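Enquirer: Chain residues, written in single-letter form:
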Amino acid sequence: MRMAQLIANGIFDGSLYALLAVGFSVAFTATLFYDMSIAVAYVGGPYGLLFLMSVGVPPVPAVGISVVAVALIGAGTHAAIYRPMLRRGVPGLSLMLVSLAVYIVAENILGIATSDERTPIMLLGPIRQLRLGGVTFTVTQLVLVAVALASAGASAYLVRATRLGESLRAVCDDPELAEASGVDVSSLRLVAATWAWAAASISGICMAMVVDMRATMGLTALLVAIVSSLIVGPRRVMWVGFVAVAMGVLRHVAIWRVSSGWQEAVLFAVLLFYLVARSAPRDHYERSASA
Amino acid sequence: MGHHLGKLEVLSLTKRFGRTTALGGISLSFTPSTITAVIGPNGAGKTVLLDILSGLRRPTSGHVTLSGEDVTGYPPSRRARLGITRSFQAARVFHSFTFGQHALFSRWLARLHDDQESELASGPGQSTALMAQRLMDGLSADLVSTPMGELSYGTQRMLGLIACALSSPKVWLVDEPSAALDDVNLSRVKVLLLTARERGSTVIVAEHDLRLVHELADVVVQLDAGEVISVGAPRDQVGKPSIND
Amino acid sequence: MTYLDYLAFSVGFYVLLAVSLSFPANLAGMMVVCQAAFCAIGAYTAGLLVPSLTHDGGWVLAASIPLGGIVGAGAGLLISRMRSEEVVLATLGVQMIASSLLLNSSITQGPMGIPKVVASSWLGFETQSDLIPTLVCVAMAGGAMALSVVGRRSRWTLSLHAMHDDPVLVETMGHSATSLKIQVMALSGAVAAAAGTLYALKITYIGPSAFTVTESIMLLTLVLLAGKYSTTGSAITATLFVLLPEALRFVGFESYVIAHVRQIVFGACLGVYVAARSRNARSHMVL
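Residue numbers (the working numbering), protein chains in the order written: chain A, 288 to 578; chain B, 237 to 481; chain C, 150 to 436.
Hints listed in this document are in silico derivations from the structure and should not be mistaken for laboratory results. The structure presented is a predicted model; accordingly, all values stated were derived computationally and were not measured. Zero decoy hints are in this set.
Selected chain B positions facing chain A (Cβ under 10 Å, derived; list incomplete):
| hint | residue |
| --- | --- |
| 1 | G291 |
| 2 | L292 |
| 3 | R293 |
| 4 | R294 |
| 5 | P311 |
| 6 | P312 |
Now the in silico label distances, taken between C-beta atoms and shown as ranges:
| hint | chain 1 | residue 1 | chain 2 | residue 2 | range |
| --- | --- | --- | --- | --- | --- |
| 7 | B | S376 | C | R398 | 52 to 62 Å |
| 8 | A | G520 | B | G309 | 22 to 32 Å |
| 9 | C | A295 | A | E573 | 35 to 45 Å |
| 10 | C | D154 | B | R294 | 55 to 65 Å |
| 11 | B | R447 | C | S303 | 41 to 51 Å |
A virtual CB, placed ideally from N, CA and C, is assigned to each residue, including glycine.
Taking the hints into account, I'd like the entire structure generated from these sequences.
Expert: See below:
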């Protein structure tokens, strides 16, 4: 029974990671660099929500406004910082470092604003618990899982079955050829980045309803998303979501053998193991190619 | 002379990329004091063969031996220290280095086989390294002291080839030497290749330019779709289907 | 500890750490984000050896340096075949695992940390002076910088530069890129561990909060701002990193705000610097 509860908790966490992972994958498919600043959206969403509620905005509209605001900030960041660099063909590593810089600046601004404290976001009233087959869960968790999975599913459908998704995949293969074939690569990238920030903020808001938020939590969540995306490849969006759910389950099931403090270490051990295993059989040309 | 120089052999060499077979179980022997031209259409496997001989790619199966020593599992750096030098089809230089600094690496490699240098000092003609040094000395000071990344593509290619020659290779793998070189620089490179042969090196050239092949090669290996079509003297290739057919 | 002593130690410590990271980052182009973890190896070696096994700071240093080197070499082996972005992710992972270890292991005493890390002698000379770690740290920082300046035209350094430019070409010229990466990471780990040991012996208390991913990211920022190949530049940025909060203290900010402002300033500088460099660089060149 305890294992079943751990798996259920893992599915819940993993669903929220799935949303973030799918958003990241969509952005990576279009831009081909690891945008670490998406971690800012993960914590920016809940903090924006908290601020809006503190000035009297009702919860539901506050969620919508917060997500839209974060998405717009993401669009602005992409347009002002990354787009000029992408147009110049700047290597992925440089873009990654710039995005890390954006993350550092934003995380610390949030740290000042929140005085570095853990912040509970009590969005809903008393939480109603349900019990099914020895597994306890809350209505909140059910709703959040549904939201996360629906959003992830919508993203997957977008990439897989629409003209927009076709264009995304073309850009992922060869941005220059896609541009020459009539794809508006610049706009596509802007849309993809905006969606990634929106997805990250929704994911962060969902997570904030069950754990106390801290300004530094975004990087861990984003690294889980990146691992999920790397393992199956960012274009296979649906599978990215499944792997992220599996990562969430692994994180909780690990408690069966190790104490809860080691959960993150388990996840990052998976990341490290995957990267080493992926790089081990490479020949010399592949080692120096861009990711 | 030449007992220490490199007889290079490939035995049942196969390379697959997924479902594509780039090389299909070929066996070849490359002897010292010989220029062997490897010709064939695009996708024949010429560059893949050179990549495997230099250690930059691992074969799916088969072996590579150098003077009887199985070097199949050796990394490129170890093969380079044994005397296998590789020139690339694309201009490949250290962009932030001047040619003088780049040439240091070649000289360090050459010192590893300095027995060849001392023998060459007493033998007829000039060593490849000496010839390359002469060519280098003939370059303008600006060319030698400018970061290589700021030079033209063709100049980078030529300097890359000179740098390889400075290392006094026992085996010199040259990928498309005529690419991006004007006639003046190409003639310099021809001299280097011929000098290397005179000094006993095993020279293997992957090339599309048949005129150059007929000028330089002692042996021509024709590849197509990863298979060896023919091996023989250049004159024996006359009358065979053109490589562009 | 006087204020000048504190400043001198802080400058020496961060210069030593920055120089340690400049070897892989500036010379070899490896963007390593786990330098704080290497530093923690040295610090916790001191914490575990003192006072249970020895009170001698010199012997603790002699133990931590090779240990840091071995761990650094191991990390170098793990990342030797990875592409540049993967190196960032993998070393972030190493840092996160290290942070978890420091927080949760009973050996490291978890969040409580290890107090009373006090050396009462240095290589047999009995002394209780807390100036010794400062002097040793400043001397080591100066020595590391001098070594890097003197060695900048050495074959090894040129090989690292060459590998940074083109790892495929450097292999075909007889230098193993894998071996170079392991060597440079071993050196980096060893020097960072030395810095960590001196930190522990100076502050006399170590806790996991001093060796977080934020510290590693900041260190990488300092080193990148120094410019490609520039070890001396790393020393300058490290010095500014220490002095900026002191200037902000005079403005009247609270301590926790100062820490954040410092990171904001350096983070912004990193972003601007990388973006500006990429404006002039060819597309195949990174930094």
